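Full structure from sequences and hints, please.
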Amino acid sequence: MPSFITSYLDKNIHVTPGQYGSPFWALVYILVVFGGVSLAVVCMNWLERKILAHMQIRLGPMRVGPHGLLQPIADAIKLILKEDIIPEGADRFVFWIAPMIILLAVFSVYTVVPFGPTHAITDMNIGILFMLGVSSLGVLGIVMAGWASNSHYPLLGALRSSAQMVSYEVAMGLAVISAVLMTSLNAEGTGTLSMIGIVQAQYAQHVWFIFKFFPLGLIAFFIFAVAMVAETNRAPFDLPEAESELTAGFHTEYSGLRWSLFMLGEYAAMIAVSSIAITLWLGGWMRPFPNLLSGPTWDLAFSFFPALTFFGLAGMTFYSTMRMPKHSYFRVQTIGLGAFGAVFALIGLILLLPGVNGRVQDIYWFIFKIAVFMYLYIWYRGTFPRYRFDQLMKVGWKILLPMGIGVLMLTGIVALRTELWDFMHEAIRRLVHV
Amino acid sequence: MEPVATTFFFYLLSGLAILSGVLVITRKNPVHSALALILTLLCLAGLYLMLYAPFVAGVQIILYVGGIMVLFLFVIMLVNLERSQKEKQFNQQWVPGILAAVALGALFVTIYIKGDALFVRPEMRFPEAENTQQVGQMLYSNYMFPFEIASLLLLVAIIGAVVMAKKRI
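Line by line, the protein sequences give chains A and B. Going by my numbering, the final residue of the first sequence carries number 434, and the count climbs one at a time with no gaps. Going by my numbering, the final residue of the second sequence carries number 1169, and the count climbs one at a time with no gaps.
Think of the hints as simulated: they come from the structure by calculation, not from any bench. Please read these numbers as outputs of a predicted model, since none were measured by experiment. Glycine included, C-beta positions come from ideal geometry on N, C-alpha and C. Incorrect hints may have been included.
The calculated lysine-lysine pairs, modelled on DSBU-like cross-linking and capped at a C-alpha distance of 35 Å, are [what the hints assert, rightly or not]: (1) A:Lys326 / A:Lys50; (2) B:Lys1028 / B:Lys1114; (3) A:Lys394 / B:Lys1088; (4) A:Lys398 / A:Lys369; (5) A:Lys11 / A:Lys50; (6) A:Lys326 / A:Lys11; (7) A:Lys50 / A:Lys78; (8) B:Lys1166 / A:Lys398; (9) A:Lys398 / B:Lys1167; (10) B:Lys1166 / B:Lys1028; (11) A:Lys11 / A:Lys394; (12) A:Lys394 / B:Lys1166.
A few chain A positions that, by computed beta-carbon distances, are all more than 12 Å from chain B [to be verified]: (13) Val37; (14) Leu52; (15) Met62; (16) Ile97; (17) Met124; (18) Leu140; (19) Thr192; (20) Phe214; (21) Phe222; (22) Thr247.
Written out as structure tokens, the structure reads:
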């Protein structure tokens, strides 16, 4: 094999392909991440409908495939075949480029998402700044889509969206800064903005930043968790596309493939901001208790988790297979569901192989945490009623922003408590002597 | 590792920046001008990256593209575009325009010819990885006073905006 393929596979290399400077492997990683995210979006599409339906005591999609498993594929075919309409009087170029900008912004963010210490496309020393900056480009796409449609509902949706995103970015930034501040609490006293560096700082300080300086880390995480729902235009902050008021908001005039690009962008953005939250506060790719429960025994115990997850999924699928109606009409569907379970079991078996097992640990924990966040997103949507626009602005500017500033200042004070104490001690001593 | 920042990228980015800068003033539709301006700002961010200043590039994208330009578009979308389409785009002051262009061109030519002698060739004092830390330390040590003045100015601007916008305080 040529050297540009094999050189990165050396066992002594512990950096990402981007840092190592291997364009071939960087491209492979990019394709894997792009494919993985797209697959995750398809899964989310099905899961969201099913989970929402079950929360509302409905069945959700049941017709296409067993338990509606093939519904996303049917939807994709429908969207591709649909007529692509550009409204009369629309600004064609801007209308055409708006969904592309959203997708471009969202997928560029994945360049620095650290799925593991070596499992990222690259690591930048401005990683978190890059993520925040590029994901803020998505709002441009929404504004352009709303304006270019030359219609009232989209324009109002775009106006709401830009106001909302600009307001919540401020609170989000302050929460992020307080987490970045925590990375600087080491011997050298220098922090880092690199995504991989932030996770390593949590490992070195033996604590996830959500639990650091309790409850300061928790409050910062809470601010970010609220702001990130607002940033991705999801319920209960989905005012730019509020159905009852604006039909479908900024993408009212879009149809077919372009509309599906908006959906892809929305779900991919949800995964992207969740991965920021996980990296900053929830220990990134680290398994629970990497310092406390260390040693080969615990490593072995935790290494069974990926396989166990897939065996659990396979078990659930087999259980549903047994509960399928016994009528001959359902025979094909029953066999299909059984095969689906068998695929899960096979993946579980592959994950048990010693060579694979060690390499997927970090990826598994990162994706597991993302999955928890995705479930939370769906849960919010099933639980909270939509905010009114003035309430939304009030929460952003009058509650989250002051909280963010307060947390940032308190974090700084607590981090420098010994220095501050010495300084005050010295000052009082001098005063007394004068 | 080989440097990625080659001459090709410099000419690509600066060419794009100039092209979109020209588009900003020649487009009739203000929204198109704003979009071209966004492209210019993104190209500038790329040029900052080539100057080994990743922090400045990141801040450029967050502040200008993500913040200020969104507000620009926000305002432009509320303006009546029909009227601005009919307005005359350029004025007829040829003489001052030509004078300014000649002066600027002369400056560029001078720098191109005698640039090496006029300016000290800059050396990189800090590695790229320390860019953010160095910016932070400079802001809070050597340039503390200008930094505070700038923040005071921004505070005044915020208060002024609130005073002008609100009828009853």
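Evaluated hints:
| no. | hint | verdict |
| --- | --- | --- |
| 1 | A:Lys326 / A:Lys50 | holds, 23 Å |
| 2 | B:Lys1028 / B:Lys1114 | violated, 39 Å |
| 3 | A:Lys394 / B:Lys1088 | violated, 42 Å |
| 4 | A:Lys398 / A:Lys369 | holds, 30 Å |
| 5 | A:Lys11 / A:Lys50 | violated, 43 Å |
| 6 | A:Lys326 / A:Lys11 | violated, 53 Å |
| 7 | A:Lys50 / A:Lys78 | holds, 20 Å |
| 8 | B:Lys1166 / A:Lys398 | holds, 17 Å |
| 9 | A:Lys398 / B:Lys1167 | holds, 20 Å |
| 10 | B:Lys1166 / B:Lys1028 | holds, 33 Å |
| 11 | A:Lys11 / A:Lys394 | violated, 54 Å |
| 12 | A:Lys394 / B:Lys1166 | holds, 16 Å |
| 13 | Val37 | holds, 22 Å |
| 14 | Leu52 | holds, 31 Å |
| 15 | Met62 | holds, 42 Å |
| 16 | Ile97 | violated, 9 Å |
| 17 | Met124 | violated, 7 Å |
| 18 | Leu140 | violated, 7 Å |
| 19 | Thr192 | violated, 8 Å |
| 20 | Phe214 | holds, 27 Å |
| 21 | Phe222 | holds, 23 Å |
| 22 | Thr247 | holds, 18 Å |
In the structure shown, a violation is registered for the earlier hints numbered 2, 3, 5, 6, 11, 16, 17, 18 and 19, in ascending order.
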